[in-house]
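Going down the list, the sequences are from chains U, S, R, L and C. Quick note on numbering that gives the first Met the number 0: the first sequence kicks off at 0 and runs consecutively. Quick note on numbering that gives the first Met the number 0: the second sequence kicks off at 0 and runs consecutively. Quick note on numbering that gives the first Met the number 0: the third sequence kicks off at 0 and runs consecutively. Quick note on numbering that gives the first Met the number 0: the fourth sequence kicks off at 0 and runs consecutively. Quick note on numbering that gives the first Met the number 0: the fifth sequence kicks off at 0 and runs consecutively.
Just so you know, nobody snuck in bad clues.
Residues on chain S that point at chain U, a partial pick, calculated with CB under 7 angstroms:
(1) Gly57
(2) Phe58
(3) Gly61
(4) Pro62
(5) Ala67
(6) Pro75
(7) Pro93
(8) Leu94
(9) Gly95
(10) Glu98
(11) Ala99
(12) Val101
(13) Pro122
(14) Lys123
(15) Cys131
No wet-lab data here; the hints were simulated from the structure. For every residue, glycine included, the Cβ atom is placed at its ideal position computed from N, Cα and C.
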Amino acid sequence: MTAMAKMKEIEALTPQIKKILAYYEGASSATKANLARILMHGKLGGTGKLVILPVDQGFEHGPARSFAKNPAAYDPHYHYQLAIDAGLSAYAAPLGFLEAGVETFKGEMPTILKINSANSLFPKAAAPDQACTGSVKDAVRMGCAAVGFTIYPGSSQSYDMMEEVADMAREAKDAGLAVVIWSYPRGADLSKEGETAIDVTAYAAHIAALLGAHIIKVKPPTAHIEQAEAKKVYESEKIDVSTATARFRHITQACFNGRRIVVFSGGVAKGEADILEEAKAIRDGGGNGSIIGRNTFQRPRDEALKLLDSIIKVYKA
Amino acid sequence: MTAMAKMKEIEALTPQIKKILAYYEGASSATKANLARILMHGKLGGTGKLVILPVDQGFEHGPARSFAKNPAAYDPHYHYQLAIDAGLSAYAAPLGFLEAGVETFKGEMPTILKINSANSLFPKAAAPDQACTGSVKDAVRMGCAAVGFTIYPGSSQSYDMMEEVADMAREAKDAGLAVVIWSYPRGADLSKEGETAIDVTAYAAHIAALLGAHIIKVKPPTAHIEQAEAKKVYESEKIDVSTATARFRHITQACFNGRRIVVFSGGVAKGEADILEEAKAIRDGGGNGSIIGRNTFQRPRDEALKLLDSIIKVYKA
Amino acid sequence: MTAMAKMKEIEALTPQIKKILAYYEGASSATKANLARILMHGKLGGTGKLVILPVDQGFEHGPARSFAKNPAAYDPHYHYQLAIDAGLSAYAAPLGFLEAGVETFKGEMPTILKINSANSLFPKAAAPDQACTGSVKDAVRMGCAAVGFTIYPGSSQSYDMMEEVADMAREAKDAGLAVVIWSYPRGADLSKEGETAIDVTAYAAHIAALLGAHIIKVKPPTAHIEQAEAKKVYESEKIDVSTATARFRHITQACFNGRRIVVFSGGVAKGEADILEEAKAIRDGGGNGSIIGRNTFQRPRDEALKLLDSIIKVYKA
Amino acid sequence: MTAMAKMKEIEALTPQIKKILAYYEGASSATKANLARILMHGKLGGTGKLVILPVDQGFEHGPARSFAKNPAAYDPHYHYQLAIDAGLSAYAAPLGFLEAGVETFKGEMPTILKINSANSLFPKAAAPDQACTGSVKDAVRMGCAAVGFTIYPGSSQSYDMMEEVADMAREAKDAGLAVVIWSYPRGADLSKEGETAIDVTAYAAHIAALLGAHIIKVKPPTAHIEQAEAKKVYESEKIDVSTATARFRHITQACFNGRRIVVFSGGVAKGEADILEEAKAIRDGGGNGSIIGRNTFQRPRDEALKLLDSIIKVYKA
Amino acid sequence: MTAMAKMKEIEALTPQIKKILAYYEGASSATKANLARILMHGKLGGTGKLVILPVDQGFEHGPARSFAKNPAAYDPHYHYQLAIDAGLSAYAAPLGFLEAGVETFKGEMPTILKINSANSLFPKAAAPDQACTGSVKDAVRMGCAAVGFTIYPGSSQSYDMMEEVADMAREAKDAGLAVVIWSYPRGADLSKEGETAIDVTAYAAHIAALLGAHIIKVKPPTAHIEQAEAKKVYESEKIDVSTATARFRHITQACFNGRRIVVFSGGVAKGEADILEEAKAIRDGGGNGSIIGRNTFQRPRDEALKLLDSIIKVYKA
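Please take these sequences and the hints and turn them into a complete structure.
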């Protein structure tokens, strides 16, 4: 697999990838080359589709909640190897986790340094926020293809987060890296249901695109519409949000009408059938792929590899 | 159109433009040249009048509320082309949107990078503020003629916003760019009606001028007078605020007695007749033009081009 | 007048000015030369007395409240010309206003860039503060002789303001400029009457001197004593605060016993007789002069010139 | 002892140390060399086990509460000498304390500059936080092998603390130093019991590892489980937390499955038997050692040396 | 006196001073030389004892409360001359005050720039804090031997103050200056009595030492014990706090067992007998001297010189 992956890297870019790269008009050649590293890597290399393994669950929910189901996953090497063996497009993790395998797995896999992270010990009453624990310099030193950030549109801290992300994204681009933004709405004026509402998700994706993200990550949206002003427009303009496929298509519109790569997270752990169903809807709606963590590393390795292969086959279809 | 526009750029400056540029006594030659790029461009080139297309609605209100009425407008290229084909003076947008067409439309049109933006997911109870998502460096890299900022005089965050804008405006001027300030009053002591009151609007325009803006953008003022201390003066000095024309004239006084360019936004979507009526009042009051977004790109393209042409004819008359 | 002023600049320093400059032991030759530019300029040149025109009313109270009584004053050039024709010592204004005449009036008049400003749209409930809208670099670029700052001793923001002013004053001195501090007490523990109390005004002047101001500006103090601890001392030490002259003398004591220049603002608009009476008391109390804005530019130009000439005659007497 | 220690430094690294160093894949050679200085020093040199003497009690609890029991300990030299004579692995203290012996004890002992500190005069109602009183530059100047920081996961200040630590850790690594993180949960949503709960301690250790710590310090965990979501997993996955040994083993899992060094503090003063019992459990659970302050320097020197020798023997066993 | 003082500067260091300087193991030669400038100056030069004149009362309490009793003291030169004529060790004051005599008194006297200051106009309800009004650069430019800072351990602002002081102290040491810290506990959890309690004062002195101060200044402690946890230890360990001498001795313990210079302020104005009594207790307790402001400059000059001479004689005895 690794050898195959390496051969792929010296293959010529496919027309699909060339078309996607051309959308990034403001990006430098170096940044486009790093985007190409991700888009040409793994089993989906060259298709314009992506499956990314993110492992920031330890930070977000703690080690036991993340890894106790599959204790081998306490070891950072486990995830590198899983991403490599599954033929995924990239592996994303916070500083400490990525660093723990950086020498062993150098060059095997495009990596994404997740720069900021939240944790579940933080007081619930405080405005949603994250701490920057990595830096662009760290990403460069570790040979990463991209850096990743979370923003919480809707939080009273969100303008500060956006300014921080904008500054570091600029620094990343100057260093020739690609930029991934996880855009997760939450805050005082949003209901729990509203955090994944179709209007709010489309808005969150659009904000990430406006901030200059090359790859946007949002949660699969529901048919709920949160904001009253938006509801009027969704109804008067008869925007179709009735099916998952229609909703994913609407999100791609919000991502500059398809000019920006958008991938979707799996969210809470669920069954294989549901996961594959969702991937089909993403594909049919024009989305670029999945970013799937807990649903893989909390399964036994064999099952995870099988599941990931099934997902990849959906995107290849 | 494009070819014509380009020819215009090599034409000599008109006496009107020379007079306007002479007002900017503190500006460098480079900044004056960038002001001239805007003032000499498009159908109003050389007249001292301006029509600017701003597309920050996606950031401010979300993608569906902005573009669903005319889905072609989800594509960032749509707006560049609209501004070019309508023969406008400049096109303004946030980082991601501008970047998405920067290579395709390079040199076709003076562009303005809107550096800061707010969004409708932000908690209503928080003090009005914006996030800086672009930078002067981005504007230079993309060949922009100017950078744009919003300030919210009246917000408890307004002094921080003004310091931020003052710092970045200084950096922009050092880079030879022009500076546009959107001055929108809002905050704890202002009523909703007061946000567009004539006294408050004149004050907001004056603050933008004092901050060193080359182009000032405010909303068309109403005849309402918000502040008690101001009301005394408007009455004792018999300042005429009875007609739209008189009010626009008062605003130009507040802009250093006409030494600073001031343009007015269209505000909420409205009918063509109202828009043209407003443009006439701006013109007759000595204002420099319109900055008109939603009222163009939410119309079908043909209608938008026709409307913009009618507006331009008003200013040419 | 201008020619005369220019001749004066090449005249030798008078003994009075040499004595004053010698008080500024820590100042560089460049800063002393800029102080001398102000002290040797205009009708009071060489006397050690000063009359300064400040025009930050537009920022503080809005354009109509400032200029509607005398609409010619909407034009920034008006104030430069007024200061020149009246033979004043210096003209002070915020960035935009100063910049608007910087080329036309270059070299005609020592100018002071007012670096920070407040405005009347800011929420009344917020702690008194100001925004820095100019910079030392702007002052250098515009050939200013000095920079000016306001501090609000008594505000919960006052320590931040003092640090900001201390930092920028240091930068100004490194650039060879002089530093003027407007010291206006206000804040939670001060009554309205207390803001101009003799004890509080003396304290405010002393703080400005300790911060390193070359020229201190405070409001004319009343005989009221605000702070209980101070009241004990004023009574036990029998400090004379019964007449305006005695109070001005006390303020000069607080300014390092006369080692720092202190000027007084006119405050609210008032009659000519009151203004001249106040100037006499300033002079007799050992103060260095007046800084007078609204009371000049809100009068017709002829009246303003006559009034200023009368004030100057008081200081020359 | 010192001579022996020095000889040890020129000895070849043992296989155990080579294995540990290999875990630090992202670390520079210089940082690994500094880790090796600590791991090869003292009586446990070469074993992969550590005993560190930390003396920040004076900062945390005041001088009398820290040193009155054994007044010789008021003198900073006392602690250096104690660490040397006991054959410990390293000595950690805040700036002033370390600096007070830096010349006398140069080269005798690896030292760790504790960069931030809290104190017991700080208002209890304020969010838990610390002040940075040292710097990486100080550590370099004093020849330290490492820098140390405390974070308080769970505090509303914790994201700021993490960003500060991340920034300074990066600077320390650039300077070739090792990084030690004291991870002590506390904050609004945590009960007193929860601060040492097994789930919370494991989480705190994991966060330190993700932040890039080379050596992690946490408190010995109790069998209490604090967070409801965690409780579900500890029960469903039957994680053994019934014995101290099992809990220490769980913590090493949370430290990247043993890829990061983790040491445990003694906490409140207690009897020798309890201390040795705890050390055995740490050893049997796979922990790397103890960091023991009050329980040593608050004893008479002879007793302290005897106790430390007993602890070391436990780890050697 | 001045000539004698100058001769002393070229004298060889006394054994007492050599011993004290050797305690400052982390200090550069330049910083030790500046400490020596202070320790070798004035009537106590070479004894290891110090009397310092601080004049920040004008900032802290206002000019009239500070200087009206002895109006000559409004003039900054008064204090320089007093310190010189009294043969004191150093003179400390804020920027403006020091600068006002820097040329006249250059080289006559070691000076200490007091970098931060509070004032009595600041709202009582706000957390105790100070504003930095000077800088290390100012101190270098004025030829100062040291810089001074106040911290308020116990204030919710105290961690910010400590970080600020730590940063500027580092900068001062890089510039070869010595660092003096005034450590004055106050804040939400401290009673008025507690601010000078023996436990709290010892703690405050210890914190200053840990922050890296070369000279520590605290208030004379009372026998009151404020903190419950401390009270237990003071009682169980039978720490003697019954006499002033015993308490001063305890403070020197807290200052690294005498490895750091500690001086005591006189506090509120009081009688000569009390002052001399206190000086004897400081001396007998092993303290290094007094820092005495109001009790000197609020007396007539002759009385002040006589009092200072008596104090000095106490320390020489």
